[in-house]
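Peer 1: For the protein sequence lines, the chains are A and B, in the order given. Heads up: the first sequence begins at 1 in the UniProt record's numbering, then just goes up one per residue. Heads up: the second sequence begins at 1 in the UniProt record's numbering, then just goes up one per residue.
Source of the hints: derived by calculation from the structure; they are not laboratory data. Note that the structure is predicted; figures quoted are calculated from it, not measured. For every residue, glycine included, the Cβ atom is placed at its ideal position computed from N, Cα and C. Treat the hints with care, as some may be off.
[Said to hold, decoys possible] Computed footprint of chain A on chain B, listed as stretches where at least three residues anywhere in the stretch have a Cβ under 8 Å from a Cβ of chain A:
(1) 85–96
(2) 380–388
(3) 413–424
[Unchecked claim] Ranges between beta-carbon positions, derived for each pair:
(4) 228(B) / 106(A): 47 to 53 Å
(5) 239(B) / 74(A): 53 to 59 Å
(6) 13(A) / 412(B): 37 to 43 Å
(7) 557(B) / 41(A): 56 to 62 Å
(8) 18(B) / 7(A): 36 to 42 Å
(9) 13(A) / 342(B): 26 to 32 Å
(10) 123(A) / 110(B): 19 to 25 Å
(11) 302(B) / 4(A): 32 to 38 Å
(12) 408(B) / 62(A): 47 to 53 Å
(13) 89(A) / 435(B): 50 to 56 Å
Each chain is listed here by its residues.
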Amino acid sequence: MIKSIQELEEIRKKALEELEFRKQQGEGIRIVVGMATCGIAAGARPVMLKFVEEIQKRNLKNVTVVQTGCIGLCKYEPIVEVYEPNKEKVTYVKMTPEKVSKVVAEHIVNGKPVYEYTIGYEENKEANK
Amino acid sequence: MPLYRAHVLVCGGTGCTSGGSDKIYDAFLKEIENFNLKDEVQVIRTGCFGLCAEGPIVIVYPEGAFYSKVADSDVKEIVEEHLLKGRIVKRLLYKESLEEGQIKSLNEVKFYKKQMRIALRNCGVINPENIEEYIAYDGYKALAKVLTEMTPEQVIDWVKRSGLRGRGGGGFPTGLKWEFAAKAPGDVKYVVCNADEGDPGAYMDRSILEGDPHSVIEAMAIAGYAIGSKQGYVYVRAEYPLAVKRLEIAINQAREYGLLGKNILGTGFEFDIEIRLGAGAFVCGEETALMTSIEGHRGEPRPRPPFPAVKGLWGKPTLLNNVETYANIPVIILKGPEWFASIGTEKSKGTKVFALVGKVNNTGLIEVPMGTTVREIVEDIGGGIPGGKKFKAVQTGGPSGGCIPASLMDTPIDFDSLTALGTMMGSGGMIVMDEDTCMVDIAKFFLEFTVDESCGKCPPCRIGTRRMLEILQKITSGNGTEEDLEKLEELAYSIKDSALCGLGQTAPNPVLSTLRYFRDEYEAHVKEKRCPAGACKALLRIVIDKDLCKGCGICAKNCPANAITGQIKKPFEIDQEKCIKCGVCIEKCPFKAISKKA
């Protein structure tokens, strides 16, 4: 039973969160998880679920989690790409649910990409071996 | 509410449902369970998306992938490929929605580009069976605003200033109607919603009730506040089971949430709504007949005045609007009358919903600003005429309306320009016709409908329309005379002048309007015993071209009437006496040697 306009407004806000991403993608941050066979085999599913969980926990707006097919670098799977409007995309590799928490906290929330998880960092590491 | 990473919207409009969308919905639930995606993906049944020709339709968010003509056997692939692995199933995408491998936003698709959705704003967007989704999109906010910030007079003033006119067909200024009902003396007043849509080919109101029932409920409550009424009725035909079901669910939810009933939103305002089922008689869409039917009597019209605003249901002042009219109200309250008045033409404000049907590629439900031309609707939104045929006319306004011929295709559509053309807006059925349509036959079709649906109370309608139909039957069977044409016109005008209610008075319109623009077709039927469109069977001859016929005999084998005879390797012939003009031989002939001759 809604007894006041304030209560109606509260319901509206809550329900809108749920529907937010039915708007077409465009503005906002897009987290794209590679979910081809290679990605799934490497464990992309728990990674994606962790993203959804973290975003919900932190009540983040304008962030959508999308899947994509094979990104092409199967040996670095699970791969996650983060697209922010007007910024260069950041590609995270060899992701795990544990790494997700850090990415969400530092990159998505505070805008600072976690370089030690990115593809450039991994490649350098391999080159220096 | 749990957060899902993907939403699957399955169209639950009547068009898609008859195409099997309920099976698709079930299949999604099953497959999502099978693939263990239950906690990640939500499946929702929505109202009509509009593009009925491409149904059943499924949209998957957040990508916004628009899948068309989906079968339940496709569901497993969508779930496995798209939802599990993130690979969009391109083969099922609506072909126009894909550009350079990228999915276009729905609004960029040609079908939607020229549209502006006000009354249909939530159709295909929200789950109509979930009040919270309606609230999320500003639902009941207009009611809250009205109850706390506005006086009833202000509400009426806003509706007046918006320029909204009745979308049921007549185009009477809505605000004025509200004012009459508000000023009528009496303590007990009623708010009624006319959802008795009966025009052949029209389904706007049904789609709004199915896709967004709360917008109608909210608007009726606003109307109740404005005119001082506590009770509303929705009169809906029983042949619309899905609309009735969704409306019932919506009314119950609104009561549960305290948005209907006593002390709404703690303001002391009281309003409730009941559903009244009609048995689907066309005349019950006429306002006086509709009220008689709600009162429990046989639905027959009575003369006006007194108008319902003064003496309506059970003799009390009653405000009666149609579904689409109501659906506009909450938006007008939220965005203001000036915003609404800025859309459309000088005397017809806002948008109009049309059911675009007939010989057009994208049949479906569309909403365009008033003043959009027939050409824009047929060519841009409708995607043109199938099979490379030529556009001939559109019929608007159902049995009360008339035709707009191809030569007037650039007419901007609004209430007054249509009336000037001898047709009308009506509730918004728009039937597109190509060169193969015989206009005499169309007039006959609508007259058959009126004859069937006449309530029989007044002789002009009961007897007059039947006489007109008989003349039309005579003409299409090749026995008409020039005298018949005169008689037809005379009858038409006298019925127009003497019938009791609006339905009888407008029943001759399809005949008058086709006579106006396509008189030559009538004359060809009468004088030359010829149907130029090749549609009237009695006037048609099916002939074999002797030069093209190779004498294979396939036609004779397939003829169900044994009307074709001949010797192999010599040209065959059709006995016109025996021929039933079914056209099977035309389809079967491998050499295209058989054709219809008008």
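Peer 1: Take the hints in turn and mark each one as holding or not.
Peer 2: So, going through the hints one by one against the coordinates:
Taking a C-beta to C-beta cut-off of 8 Å, the stretch 85–96 of chain B contributes 3 residues in contact with chain A, enough for the three needed, and the coverage statement holds. With 0 residues having a Cβ less than 8 Å from any Cβ of chain A, the stretch 380–388 of chain B misses the three-residue criterion, and the hint is violated. Coverage of the stretch 413–424 of chain B by chain A is violated. Counting CB-CB distances below 8 Å, 0 residues qualify, and the rule asks for three or more. Look at residue 228(B) against residue 106(A): about 60 Å separates their beta carbons, and that is not inside 47 to 53 Å.
A hinted range of 53 to 59 Å holds for the C-beta pair residue 239(B) and residue 74(A), which are about 57 Å apart. One distance hint, 37 to 43 Å for the beta-carbon pair residue 13(A) and residue 412(B), holds here, with the actual separation near 41 Å. Here the CB-CB span from residue 557(B) to residue 41(A) is close to 60 Å, well matched to the stated 56 to 62 Å. The hinted range of 36 to 42 Å is satisfied by residue 18(B) and residue 7(A), whose Cβ atoms lie roughly 40 Å apart.
At roughly 29 Å, the beta-carbon separation of residue 13(A) and residue 342(B) lies within the given 26 to 32 Å, and the hint holds. Take residue 123(A) and residue 110(B): their Cβ atoms lie about 45 Å apart, and the range 19 to 25 Å is violated. The hinted window of 32 to 38 Å between residue 302(B) and residue 4(A) is violated, with their beta carbons roughly 44 Å apart. Taking the beta carbon of each, residue 408(B) and residue 62(A) are about 48 Å apart, inside 47 to 53 Å as hinted.
For residue 89(A) and residue 435(B), the Cβ-Cβ distance of about 54 Å falls inside the hinted range of 50 to 56 Å, so the restraint holds.
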